[in-house]
Structures are given as structure tokens and as C-alpha cells.
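Asker: With these hints in hand, go ahead and build the complete structure from the sequences.
Each chain, letter by letter, is given below.
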Amino acid sequence: MSSNSESSSRIDPSFVPLMRSLALELAIYGPLVTLYFFIVLRTANDWLTSLYSTSSTAFALVSVILIVGQGAMLEMLTSWLLRRFGLRY
Amino acid sequence: MLFPISQVVINPLLLAIIGFVVGVLGGFFGVGGGFLAGPLMFWTGVPINFVVGTDLAHMTGKSIVAARRHRALGQVDLRLGTLMIFGTIPGIEVGAQLIERFEAIGNVEEVVGLSYVFILTSIGLFTAWESLRAIRIKRTDQLQVREVLGIQKLAYRSRLLRIPPLIRLRVSGVEEVSVWVILFVGALTGVLAGFLGVGGGFLRMPLLVYLIGVPTHVAVGTDLFEIMISAGFGTLTHALKGNVDILIALTMHTGAAIGAQVGAVMTRYFSGPIIRFLFSFLPLIAALLVLLRIAGLAGG
Chain Z
1 MSSNSESSSR IDPSFVPLMR SLALELAIYG PLVTLYFFIV LRTANDWLTS LYSTSSTAFA
61 LVSVILIVGQ GAMLEMLTSW LLRRFGLRY
Chain D
1 MLFPISQVVI NPLLLAIIGF VVGVLGGFFG VGGGFLAGPL MFWTGVPINF VVGTDLAHMT
61 GKSIVAARRH RALGQVDLRL GTLMIFGTIP GIEVGAQLIE RFEAIGNVEE VVGLSYVFIL
121 TSIGLFTAWE SLRAIRIKRT DQLQVREVLG IQKLAYRSRL LRIPPLIRLR VSGVEEVSVW
181 VILFVGALTG VLAGFLGVGG GFLRMPLLVY LIGVPTHVAV GTDLFEIMIS AGFGTLTHAL
241 KGNVDILIAL TMHTGAAIGA QVGAVMTRYF SGPIIRFLFS FLPLIAALLV LLRIAGLAGG
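Sequences listed follow chains Z and D, in order.
Note that this note's numbering has the first sequence beginning at 1, numbered continuously upward.
Note that this note's numbering has the second sequence beginning at 1, numbered continuously upward.
Worth double-checking, as some hints may not be accurate.
Said to hold, decoys possible - Taking CB as the label site, the calculated pair distances span:
| no. | chain 1 | residue 1 | chain 2 | residue 2 | range |
| --- | --- | --- | --- | --- | --- |
| 1 | D | 44 | Z | 81 | 45 to 51 Å |
| 2 | D | 295 | Z | 55 | 40 to 46 Å |
| 3 | D | 44 | Z | 69 | 21 to 27 Å |
| 4 | D | 109 | Z | 13 | 49 to 55 Å |
| 5 | D | 86 | Z | 16 | 22 to 28 Å |
| 6 | D | 270 | Z | 79 | 20 to 26 Å |
To be verified - To give an idea of the interface, some chain D residues facing chain Z are shown, with a C-beta separation under 10 Å as derived from the structure:
| no. | residue |
| --- | --- |
| 7 | 5 |
| 8 | 57 |
| 9 | 261 |
| 10 | 265 |
Keep in mind that the hints were calculated from the coordinates and are not lab data.
Built from N, CA and C at the ideal position, the CB exists for glycine as well.
Answerer: Shown next, in the form of C-alpha cells:
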């Protein structure tokens, strides 16, 4: 019993709220990222393919924008949603 | 699913899973993970000319996510990361020039491969030895701190180099260090990255810890900040050469973005020496993979 309470007192107090916050964030972020991917795939697939063969400069710029968008924009959107609803740890 | 840019059919779930695994490693160790993602992408059927560029593209997105998460945890030294870039970019160019020189002489594949194996094995063994020493010190002295170094000499000596300008790295807890030491670390990792064709995370993370005295957690976060910029630059140059399949990169990133966040948060619950000990296996695995490839080449 005492060892149990000892080990539970050793757990970082930030662990549970941080994990809860991460799980919640991933529950929002994961579907957003997947949705973004399918939207790009559905709407820009042909356009990207033709851009690839016609203009390498435009393709390079669009590629960077798309990956940065998926990385940064959606993460910011998730953070904003969590803050908006007061769910961020 | 058909990826029309590279003209290959690959299961997108498989790419997302690879992204997730590499993302966890990247977020936790502060590496790009190209040593693992590259061979795995090739194995799934991504054409070899698209492997490096596409990997860099997904690495850019993943590093943004992981670096932002590390920053929220107070584990990114922006001043250090920004200064290092000024050493890294010319360093990459010097490394690339070296490759061209060796290409002119011949046997570039073997020279680069063997240098890669030697450097990564040295880093892996040294980090393993040092981190085990640090873990022992932490246990023996019952230190309740996140960071202990098994070897203090290198960071101590680098601080004796008082060539102005000297700066303070507040986030890293470094009171005074010469800007030249930071530029040297950036340049050295840049040269090796350009020469060996790797992102440089393998080299930068230990150098930040041992040479500048940055705590492991901050070294991981700052390294990701650096990877974000160098991989972004690499994506642009590879895309200009037509070596990026952005749809494959976006697919991989769906998994990598989640993995990177998990990896970054995990660092909070491990001490510096434990992270370094686990990290020491990565360069050794990478060296083994290259050794196998060289053995394959030698065997024809």
C-alpha cells in the first residue's frame, strides 16, 4: 500500500492533464490533417500533376506551401480551437 | 492508390504508418529520420529519384509540427538555432563541393559510404558510453535533475574559447559562448550533411550537448527548428529538379504530424541521459544499413 502511494506520488503532476490535452489535440488535429490531404487529393491532383510537367518553379513553390500548410496551418487551427473552447493544458 | 507524379501505386495507409514511426523518432530524438524513411519508402515502391526529395518534403512539415510542440514545452533555443543556420548553409555547399571532387576522382559511393559508417559508429558508441556514465552518476549521487553529463570537458573547453562576440543562450542556460563556436557546430554539421547526404540531426544533437553544453531536451527541440529550415530549403531545390512527389509527402505527413507530436511530448518524461542512450542506437542502425548497402554493392 505504501509503495503504491509512493509510486503514485512520484508521477509527474503534469502527466495526466498533458496527456489528456495531447489526446484531445490529436483527436482534432488527426482528422483535420486527413481531411486536408483528401481535399488536396480530390481538388488539386490533376492540377499538381500538370504543374509538375509544365513549370518546375511553380511546382516547387506550391509543394512547399502545401507541406507547410499541412504542418503549420492545421496545427495553429487546432491550437486556436482548443484555446477557444478552453481545453488547452 | 495511384500517385500520378511519380507514377506508382502504393497503399496510402502504409505511407502514413511509415510517417508515424519516423515522426515519433523525429519528435523524440530531434532527427529528420531520413536514414529509416528513405529505405522504407524505396521498399514500398517509391522510385529512387523521388525518395530523397519527397522525404525532405515530409520532413519539413513534420519538423514544423515537432518544433512548435517543443517550443510550447520551452525546449527550442531560437537564438542558437538561427545562428547555426549561418554556419549550416555554407557548410552544406562545401560538403556538396567535396562530393563533386570525389566524383571526379571516382569511387564516390564507397568513400561516402565508409565515411558515413565511421562517423555514425563513432557518434553512436561515444553517446552510448557517455550516457551510460551519466546514468550511473545520476544514480550514485541520487541527483533529482533532468540533465547530467558523463563528460564535461568538451563543453568546458569550448567555453574557454573567448573569441568575441560572446553571447548568452538564455533558453539553453549557457551564460557565455563565442558565436564562432556556434557557427563552427553549424558549419561542421552542414559539411557532413552535404557530404554524406543526410539531414545532420545525428551530428548536431550530440554536438550541441557535448560542445556547447545545451541540455538534451533543448538540443532536440533546437535541432528540429534547424531541420525545419534546412529540409524546407532542400525540398525547394529537389522540387525544382522534379524529385518531389508532393502527394506522397502529404500522405506520409498525415502520420508523421501525429507521430511527431507524440514523440515531442514523450521527451518531457525522460531524463537527458536516457534520451541520449536511446538516441545512440539510431546512428548505429543507420551505419549498419549503409554497411549492408555497401556490401551489396561490393557483391555486385
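Asker: Work down the list of hints and note, for each, if the structure agrees.
Answerer: Hints, one by one, checked against the model:
The hinted window of 45 to 51 Å between residue 44 of chain D and residue 81 of chain Z is violated, with their beta carbons roughly 33 Å apart. Separation of residue 295 of chain D from residue 55 of chain Z is about 42 Å and conforms to the stated range, judged on CB atoms against 40 to 46 Å. In this structure the supplied range 21 to 27 Å holds for residue 44 of chain D paired with residue 69 of chain Z, their Cβ-Cβ distance being about 24 Å. Range check, residue 109 of chain D to residue 13 of chain Z: Cβ separation about 53 Å, and the 49 to 55 Å hint holds.
The supplied range of 22 to 28 Å is broken by residue 86 of chain D and residue 16 of chain Z, whose beta-carbon atoms lie about 42 Å from each other. Taking 20 to 26 Å as the suggested C-beta distance range, the pair residue 270 of chain D and residue 79 of chain Z conforms, at roughly 24 Å. Because the beta carbon of residue 5 of chain D sits about 5 Å from the nearest beta carbon in chain Z, less than 10 Å, this interface hint is met. Residue-level restraint check for residue 57 of chain D holds (minimum Cβ-Cβ distance to chain Z is 5 Å; threshold 10 Å).
Restraint check, residue 261 of chain D versus chain Z: the minimum CB separation of about 7 Å is within 10 Å; hint holds. At about 5 Å, the closest approach between the beta carbon of residue 265 of chain D and any beta carbon in chain Z falls short of 10 Å, and the interface hint on this residue holds.
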